[in-house]
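J.: Single-letter residue listing:
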Amino acid sequence: MEHYNMNLTLKVWRQKNASDSGRFETYPVKNISSEMSFLEMIDVLNEELIKEGKDPIAFDHDCREGICGACSMYINGRPHGPWQANTTCQLHMRAYKDGDTIVVEPWRANAFPVVKDLVVDRSAFDRIIQAGGYISVNTGNAVDANAIAINKDNADAAFAAAACIGCGACVAACKNSSALLFVSAKVSHLALLPQGGPERKTRAMNMVAQMDKEGFGACTNTGACEAVCPKEISIENIARLNREYMMAGVISDK
Amino acid sequence: MLDSKIPVGKLEEKWVDYKGHCKLVNPANKRKLEIIIVGTGLAGASAAAALGELGYKVKAFCFQDSPRRAHSIAAQGGINAAKNYQNDGDSVFRLFYDTVKGGDYRAREANVHRLAEVSVNIIDQCVAQGVPFAREYGGLLNNRSFGGTQVKRTFYAAGQTGQQLLIGAYQALERQVALGNVTMYARHEMLDVVMVEGKARGIIARNLVNGELERYFGHAVLLCTGGYGNVFYLSTNAMGSNVTAAWKAHKKGATFANPCFTQIHPTCIPVSGDHQSKLTLMSESLRNDGRIWVPKQKGDKRKANDIPEEERDYYLERRYPAFGNLVPRDVASRAAKERCDAGYGVGTTGQAVYLDFKYNLINKYGKTEAGKLGIENPDLETLMRLGKEVVKEEYGNLFDMYEKITGENPYEVPMRIYPAVHYTMGGLWVDYELMTNIKGLYCLGEANFSDHGANRLGASALMQGLADGYFVVPYTIGNYLADEIATKPIPITHEAFEQTEKAVADRINTLMNIKGKQTVESFHKRLGKIIWEYCGMSRNEAGLKHAIAEVQALKKEFWSDVKIPGGIKEMNPELDKAGRVADFIELGELMCKDALDRNESCGGHFREESQTEEGEAKRDDENYAYVAAWEYKGESDWVLHKEQLNFEIAKPTQRSYK
Ligand SMILES: Cc1cc2nc3c(=O)[nH]c(=O)nc-3n(C[C@H](O)[C@H](O)[C@H](O)COP(=O)(O)OP(=O)(O)OC[C@H]3O[C@@H](n4cnc5c(N)ncnc54)[C@H](O)[C@@H]3O)c2cc1C
Ligand code: SF4
Ligand code: FES
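Chains as they are written, first to last, in the numbering used here: chain A, -5 to 248; chain B, 22 to 679.
One chain only, chain B, in its complex shape:
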C-alpha cells in the first residue's frame, strides 16, 4: 500500500535525476490549475510564494489574523545549511550523515540527502529576500554550532531566526497576493478534506469571524499545518498549534506515521504552577555558551552562586566527554530527568537544572574582548562587562524573555531549565514527492513525518520547512498536476462538497449540544497529564496500556460532559478549541498505541524495556527499522503498515556521543 517512490540510482544523484525527468506543466496550463495551501508557516508561506510565482492559482489559509503570525515566527536559534563557509569540514554529505544519525536511523536516506542538498539554496534565497542574518565584521555571514554536530553550520538572526525567515516568506507571499496569484484567507480553519473519486479536491473551512462554513476547490491540496506538540497541553508551541487538519486527512484515509516520535527539548523554563498555559523555550544555541550542572549533594538548598565549583556536577560533560553540553536533545533531556528523579534537581519544585553562563562570559568572551581592546590583566568586573556585551548581541532577546517570566537576571544567576515538549517528528506519511497516500493531498513541514526520524537535530526544522516549500514541492507537484490539466474546476455545489460540509456541520452541532459541565480547557489539561506521564520522556508497556484506557475514558467523558459557551455563527474561540481538543484526544490514543507497538528505544522514544547497561537508549534494528504508518479504520481501530528503511550509505551503529 505504501510506495515511497524513492528514485533509483545513486544517493547523490537521485534528486538531480528526478528533477531532470519529472513531468512539467506549461505556463498556460498552470493558470488553469488551482492549489489549496493550508498553513502559512515556513512550509506553507514558502510553498504559496513559490507556486504563485510559477503561475498556479493559489488559495492560502491560516487560523491567525495574519499569515505572518504562524508558529514558525517563534523559532529562535537558527537554520542549518551545508555551506561550509567556516572551512571546518562541512559538506552536503556530512549534513546528511549527521541528520540520519541524529534521527537514530529512522529516517529515509533519500529524503535526508535531498534536504542537505537544497539547504544551500535556502540561505541564498533568504539573503536575496533581505533576511538579515548575523554577519561578521568583514560583512560575510556568521555561523554558530548546534547540538549533535561538531561543525558550525547554523545561520541565525540573534535569537529570532524563525521570525526573520518567516517574515521573508510572508513578504514573498504578500507580493504574490498583490500580483493576484495568491488569495489569502486568514482567520479560517480547515475542518475537512473534500474527496472526489479518490482524489483530494478541496476543503471545508470555517470562517472564524462569523462562524460560517465555506467550500473551496483545488486540483491539489497541501497541508502545511505544523506539529501536534500541544497534545501534551504544556509545550513550547503556540497556543493555537493543533493537529486538526492532519487528523481530518487521517480519518479520510491518509496514514499517520510514527505518531509517538515526539521531541522533548532539554532547555525550557520550568513549570511554575497549575495556572501555566504554555512553556517557553530557551534556544539550544545557549548550550554553546552555557554549562549545565546540578549540585553534587542531594537536596542542596544553597543559592546557585554560593555553591563552589568543586561541589557542582557538570553531568553532561562528565557522561559525554566528546560532545559535552552539545549532545543531541533526546540525550540531554533524559540526563536532566535522571538527575532530577534521583533527587539532585534545583528550584522550588526540584524539577530543574542550572544552565550557567558565567564561565563563558568571563573566559570565552570577556577574555577575547579584553584581548581585542588590549586591556592587560583585566579584573573580573571588566571581563564580566565585556562578556555580557557579546552575549547580549547573540542572545539578548532570550535573556530578556527569561527575566520577564522568572523575574531573575540570567547574566547574574544561572538559568533554571527543564525539558519540555517541543517538536513532533511524527506526522502524515508522505512519499518522496511529499504526497500522502491520498492522491493530490500533500503534506509539508512539521506536519509530515519525513526527514527527522526519531529525533530532530537543532536548526533542521526551519531548513526542512523551507526546503519543502521553496525547493521540493514546486517540482514534485508538477509531476502530478501535469496529468490534471484536463480536469475542469469542480463546482462547489458537487455532492462531495455538500456531504462533507454537512458532516462538519453535524459535528459542530453535536459538540454545541452536549451542554455539559466541564470546560474544554480542563479536558485538555487532563489529556496532557496522561500523555506526559505515560508517553513522555520514558515509556513502558504497563503505563502505555493504562494510558490508552484512560484516554478512551476521557474521550467518552468529553463527548458527554463538555461545556462550550456562545453560539456557532459567531466568533467563538472556545468552540474552535473544543474541535481541536477532540482531535488531540483521538491522536493521544494513537500515540500511545504506536509507542506500545515499538518495543525498542530510538531517539526521543525511550522504552524502559530497551536500554543499555549504562541507561542509554537501545535500538532494535532487526525488528524495528521501519516507518510505522497507521491507517484509520474506525473508532479506536487502526491497522499498521510498515515501510522498511534501507540504509545503503549511513550504516546504522549504536549512537555514541561519549
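So here's chain A without its partners, still in its complex pose:
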C-alpha cells in the first residue's frame, strides 16, 4: 500500500469524571501516517498533550486487535468509525485524508455512564450475563466431549453468535439504547447447543428482565445495531430471542 501523511483536526469529548458535565475540545494533529491505527493516532496526540503539561485523553483499549471489546469510540457519529465489521482499534488512518475533521465521543447511553473522557462503565453487561448467560455445569461433571454430536450448522451458528465481544457498539448506535443485539447473541449461542437446553426456559426471561432493570431501552427493529456491530452479529438473533422469550412465557404460565 502507498502511504501518505496528513494533518487533521480532532474534536474530542473531555469529561473529568462522572459528575463533570463535559465538553468538546479541539486539537490539531500533524504528520499522521496512513499506516497508523486510529488509536496510535490518539497515542501521538496524548504524548503531545503530556509534553504540554495537559491531561491526556482517557480511553479504554487493550488487545488492539479487535477481540477484547474494550475500545469504544463514537467517531463522526458512528460507533467504531467508518469501516464495516470493524473495531476502533482496527480502524487505520488510511480511512482519512489530509485536512479532515474527526469528532470523537464516548458511547452515549443511560446504562453506560461516562467514567472519564471516552471511558464508560459497561458493567451492566456483566450483570446481564450473571442473570443467566451461562450453562450451569460445575467443573468435573462433564461427559466425554464427543458423547453428544452437534450438527455442524447449529455449531457454526452458535459460534457466530458467540463471537460477540461485548463492546456495546450496538447500544451506542441505537436511538433507544437497546441492548437486545448483545442479549440475543448470548441467548442464541446457548440456545443453539443441546448443552444449553435445560435452562432455555429461564435464561431468556431472566436476562431480558435484567436488561430492563439496567435501563436499556426497548427495541424498535431499526437495525442500527447490526449495521455497526464489529462482529456482524445478525439481527436474526433478536428474532430467535423473541421466540425463546415467548416460549418461556408460555411455559411459565402453566
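Derived by calculation from the structure, the hints in this document are not laboratory data.
Here the structure is a predicted model, which means the values were calculated and not measured.
Do not take every clue at face value.
As the list claims (entries may be wrong) - With the Cβ distance kept under 8 Å, some of the chain A side facing chain B (calculated, not the full set):
(1) Q124
(2) Y128
(3) L187
Heads up, the beta-carbon is just placed ideally off N, CA and C, and yes, glycines get one too.
Dock chain B with the ligands against the given chain A, drawing on the hints supplied.
T.: Then chain B with the ligands, alone, in the frame of chain A:
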C-alpha cells in the same frame, strides 16, 4: 530452599496418588476460607469459578473493565488435548513427550505429565459449558495440527479459540458471582502482597476509577496475572499486560524462575514504523496451510507473485525436511532472522518473509472441494474460489485482521511476516502444588514458570491455564487450607496491611513528584529496544553485559526524569503505566542477568557462544539442566538457586526436526 514437592512413585501414577492422599477441607469449613484471585484470564477465571463452586469465598480482581477482556481473549489457534479422536497415534504419553522435548528439556517431567493427563478433561468441561469448538459434518469435534508435533490434537474455534474458551470460563465465573460465591473487582490493580507471619494474607489494590488504595484479606492469594512479554515494548500481548503483580511478589521473597526464557513467535505482522504500539500475531496454525519462503536472489525487489517458483527458497522445507513449515517456534523464528540478516528479507524494511497460501488453496483445498462436487478438470479460478471458501472458514478472521492492518489481501498476495515477542516461559517459581516459595501464595497460568521449559509448543498455553485453574489448584489448595481452618480472617486494620499500604502510597507519591520531562511511553520504548537488541532472538556475553549497564542507567533516568500528568486520586492511565514500566525496567535487568548466566542455548534462549556447526542451538545438559530461580536481595542484587531437573522417562537428546 526450593522443594518442588514432586510426589514419589511412577510418573503416570503421581497425580492420581496425590489426589488420593492430599488433605481435604470439609464443605462447612470451605465457607469460612477466603481466597484472593488476581487475574481473570483463562487461569484466573477458571480457578475462580472452580473454587467458588467448591464453596470457598473468592474475591477476584482484574485491571480491565470486565473479566471477559483478559488477554487470553486474543489467543487464536487452538488448545491441545490428548484425546486421540483422530486415531493418529496420540496419547497422554505422546503429548507429555512432545511437550518436554519441545521445551528443550528444561521443564519438570511430573508437571508436564499431569498437564497431559488433565488435558482431556479440559475439552470435556469446555464443551459442557457450551464452547463452540469447530466440528465435522458428522457432528463430532474437529482437530488441526500445530508446530512441533506430528499428530492432530489441537481443538479450535476458527482463529478465536482463546475468545471462546475465555467466554466459557467468564460465564462460569459470572455464575458464581450471581450465586454469591465470588465477588468481582474489575478496574482494580494489585500493587502489593500483604504478608503476616511469613504467609501471604492479602493484597493492596488500587481502584483505577478513583485512585484509592484498598486492602483485601485472603487465607491464600493466587496470582494469575499473565506474562511479561511487554518488557520488550513491542509484542503480541495486549497493551495492559504487565509483570507488576508477579514482580511485587518477587520483591516480597518469591523467587523468579528462568526470566530469560521468552518466546519469539515466527509469524507476526512486521513492524511498519516508529508509531507502532503493538504487534499482531498471525496464528501458527497458518503454517499448516501456508508455505514460508524468501527469494533465492538477494535484494529481489519484484512483487511476490512475479517471482517464479524456481526462484523461491522454501528455506524451512529445505533445512528441515521432516517437519518443514511445522518446526517449533524457536527454530522457525531463528531461521527467518537468519535469512533476513543475510539480505534475503522482503518488504520495504527487508525485515520480513513470505507466508504463502496459494499452493494449498489450489492443491489441498481447491482440488478436494472440486472432487467432492464432482467437478472434472476444474480451472485455476474455480480451484482458487473453492479453496478460498475453506480457508475462510478456518482462518477468516485472521485474514481479515491482516488486511485491515496492511491493506493487502492475503488470499491474493502472500502475507509478509516476521518474528515477534509472544509469550514468556519464565515466571514465578512454583512447586508441584503451584505454590511459590511464599506460603499461601500461588501462581497459575502464564505468570508461573512451570510447564513449558525453554520453549512453549503451540496451543499449550491455553491448556496449561485451564489445567491450573479447573483441575490442579482446586486439589492442591485444599492441601494447604486444610491446616488454615482455625485461622480467623485477619482484620485489614492489622499493622501488616497498614504498613504495606503505606509503602505502596509512598511509591506512588514519589513517582508523581518526579515531575520530570520525559514521558512514560518514551522510557518504555527505550527499554524495549535494549531488551530486543541484546536479550531477544540471539544473545551473547558482551551484549548482555552492555544491556545490564544500559538498563541500570535507564532506571536512574526514569526515577529522576519521568513526567506523569494528572493526579493520584482519579482515573489516571499514565500513572498506572508508570508503575508497570518501573517494574519492567527492574525485570529487564534480571532477564539479562539470567541470560548471561545461562551459557548454553536451549529453546528460545539462543546464546551465540553455544551453537552446533550448522548454527542450531546447542544445549549443555551437564551444566545447565536446572531451573534458575532468582531470589531478590536488594537493588540490582539477586541470588541464584538451582532446582536440578531429572529426566527419568524422556531422556534428553539433541532436538532434531530435520
Ligand atoms: C495473540 C496471541 C495469541 C495466542 N494464541 C494462543 C493459542 O492459540 N494457543 C495457546 O495455547 N496459547 C496462545 N497464546 C498464549 C495464551 O493466550 C496466554 O499464554 C494465556 O492466555 C495466558 O492466560 P493467563 O490466564 O495466564 O493470563 P491473561 O489472560 O494474560 O490474564 C491476566 C489477568 O491478570 C490481570 N492482571 C494482571 N496484572 C494485574 C494486576 N497487577 N492487578 C490486577 N489484575 C491484574 C488481568 O486483568 C487479566 O485478567 C496466545 C497469546 C497471544 C498474545
Ligand atoms: S452484539 Fe456486536 S456491537 Fe453489540 S456488544 Fe456484541 S459485538 Fe459489540
Ligand atoms: S482494543 Fe480490544 S477490541 Fe479494540
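J.: If a hint holds in the structure, say so; if it does not, say that too.
T.: Going through the hints against the structure:
1. Q124: 4 Å, holds
2. Y128: Check passed: Cβ of Y128(A) comes within 4 Å of chain B, closer than 8 Å.
3. L187: 5 Å, holds
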